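K.L.:
Listed here are the chains, written in short residue letters.
Number of protein chains: 2
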Amino acid sequence: MHADLKSLHFSMEGLKEMYPVIIALDPPPGKGWEWAFDIASKLKGKVKAFKVGWPLLLEGNRVEELKEYGPVIADLKLADIGATMIKVVKRVEADAFIAHAFVGYEGALKELREELEGKKLYLVASMSHPGSVHFIDKHWREFLLLAYLVADGLVAPATRTSVLREIRKYWSKEIISPGIGAQGARPCEALRAGADYEIVGRSVTLSEDPAKTLEEMYSCLKG
Amino acid sequence: MHADLKSLHFSMEGLKEMYPVIIALDPPPGKGWEWAFDIASKLKGKVKAFKVGWPLLLEGNRVEELKEYGPVIADLKLADIGATMIKVVKRVEADAFIAHAFVGYEGALKELREELEGKKLYLVASMSHPGSVHFIDKHWREFLLLAYLVADGLVAPATRTSVLREIRKYWSKEIISPGIGAQGARPCEALRAGADYEIVGRSVTLSEDPAKTLEEMYSCLKG
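Respectively, the protein sequence lines represent chains B and L. If you count by the UniProt record's numbering, then the first sequence holds residues 1 to 223, one letter each, in order. If you count by the UniProt record's numbering, then the second sequence holds residues 1 to 223, one letter each, in order.
Quick caveat, the hints were computed from the structure, so don't treat them as lab data. One should not assume that every hint holds.
It does not matter which identical chain is meant; a pair holds if it fits inside one copy or across any two.
[Said to hold, decoys possible] Straight-line Cα separation of at most 35 Å, DSBU-like style, residue types lysine-lysine; simulated pairs:
| id | residue 1 | residue 2 |
| --- | --- | --- |
| 1 | K138 | K212 |
| 2 | K87 | K212 |
| 3 | K67 | K87 |
| 4 | K138 | K44 |
Every value quoted in this text rests on a predicted model; they were computed, and no experiment measured them.
With these hints in hand, go ahead and build the complete structure from the sequences.
P.N.:
Printed below as a string of structure tokens:
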């Protein structure tokens with residue numbers, strides 16, 4: 001169900017080196033949309049998508065403009081009642097949204113799924129930080145059952161590939177994986193464990209030359 | 001540990017009818033901050049606090065201005081890794097924040113608590129929608145243990161007072177309770193079950209005369 005890395009890279013070369021990477025555009029203090037547009041312009045066509053979250057949205061609701069550079073995933077970690085999540089997604093022009101599975105179905109993800117007709121919904125199956133084991137990781141099997149009902153993809157961490165590998169056994173659709181670089185996982189580590197795309201933030205976005213850094217990080221695809 | 005309703009109302013009369021209520025300013029389609037300021041101006045001094053969430057923040061980051069009308073609780077349902085939650089709360093000038101307990105301690109709530117030094121942190125112990133029972137409600141006892149470490153208050157639903165009553169047995173600090181009105185619970189129902197403040201949204205904010213509606217709804221305090 002998951003292409004091996006060499007064939008993935010081969011097909012990517014045909015697509016002008018599009019890496020199996022999603023870039024997280026979380027701005028450092030004092031930075032906002034101009035910072036995000038600058039990085040996105042340098043990576044246009046080279047990555048699968050751009051991921052934005054609340055830190056950037058608090059600097060203004062300009063997702064529509066970012067879509068000029070590639071698909072946009074709104075990583076809002078939605079975890080509220082359905083009526084509130086709907087009020088949020090109606091106001092954000094993203095191609096895909098990330099919500100928490102733990103918020104449950106009735107009165108929450110059921111209503112969100114209906115509202116997102118035609119857009120992609122990812123659910124968080126497990127997270128990249130240590131505290132994910134306290135509650136979230138205890139439920140990933142039940143989250144998968146819920147995901148079969150409502151989700152197009154899952155989020156599972158590069159920092160705990162044992163969980164990622166387990167999830168991949170039961171989930172044939174898309175898996176995207178955060179935790180590469182600043183959070184400790186190495187490039188290609190999640191891809192090798194079954195992820196379709198790795199989510200990279202600070203390692204690329206805070207580097208002098210984002211495109212060059214990306215290319216260097218993903219030399220692992222050729223290994 | 002919790003004052004009875006008559007004495008609560010008596011002390012409120014001394015304070016010019018301040019109701020034990022927090023007003024949720026979630027804007028209907030097409031409305032934004034001017035709508036919120038208008039309602040807040042009509043309820044200034046009559047309610048404990050105003051609660052804002054992502055739907056309003058997507059219309060602009062103007063929490064600072066709202067503080068002219070009363071304390072502001074940012075109900076962001078924070079549920080991300082620590083580094084991201086910190087980027088969010090640094091950008092929102094609220095007096096208090098609501099986060100999910102579900103996200104766990106290390107790498108998440110621990111870091112958030114340190115960042116919020118001097119501000120209030122509420123954790124969600126249970127939610128008002130039916131789907132809360134799938135995962136969240138299974139863990140409220142463990143959430144309380146976590147709350148003892150990091151929280152000033154808890155959020156527990158008016159729609160399931162059995163859970164609220166149980167939580168009150170083990171938690172002496174503040175409990176705020178959503179679900180009154182549009183979501184089905186009646187005014188004073190959560191107060192009677194042990195909440196300190198009820199969170200009211202649409203019933204008041206969509207009414208012709210918010211102050212009069214509030215007064216009518218909370219005639220239950222005199223009963």
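K.L.:
Does each hint hold? Answer for all of them.
P.N.:
The hints, checked one at a time:
Neither within a single protomer nor between protomers do K138 and K212 lie at most 35 Å apart by alpha-carbon distance, with minima of 39 Å and 47 Å respectively. Taking the shortest alpha-carbon separations for K87 and K212, only the inter-copy value of 26 Å comes in at or below 35 Å, while the best intra-copy value is 39 Å. Taking CA atoms no more than 35 Å apart as the test, K67 paired with K87 passes in both settings, with 21 Å inside one copy and 23 Å between copies. In this homomeric assembly, K138 and K44 never come within 35 Å of each other (Cα to Cα): the closest approach is 38 Å inside a single copy and 44 Å across copies.
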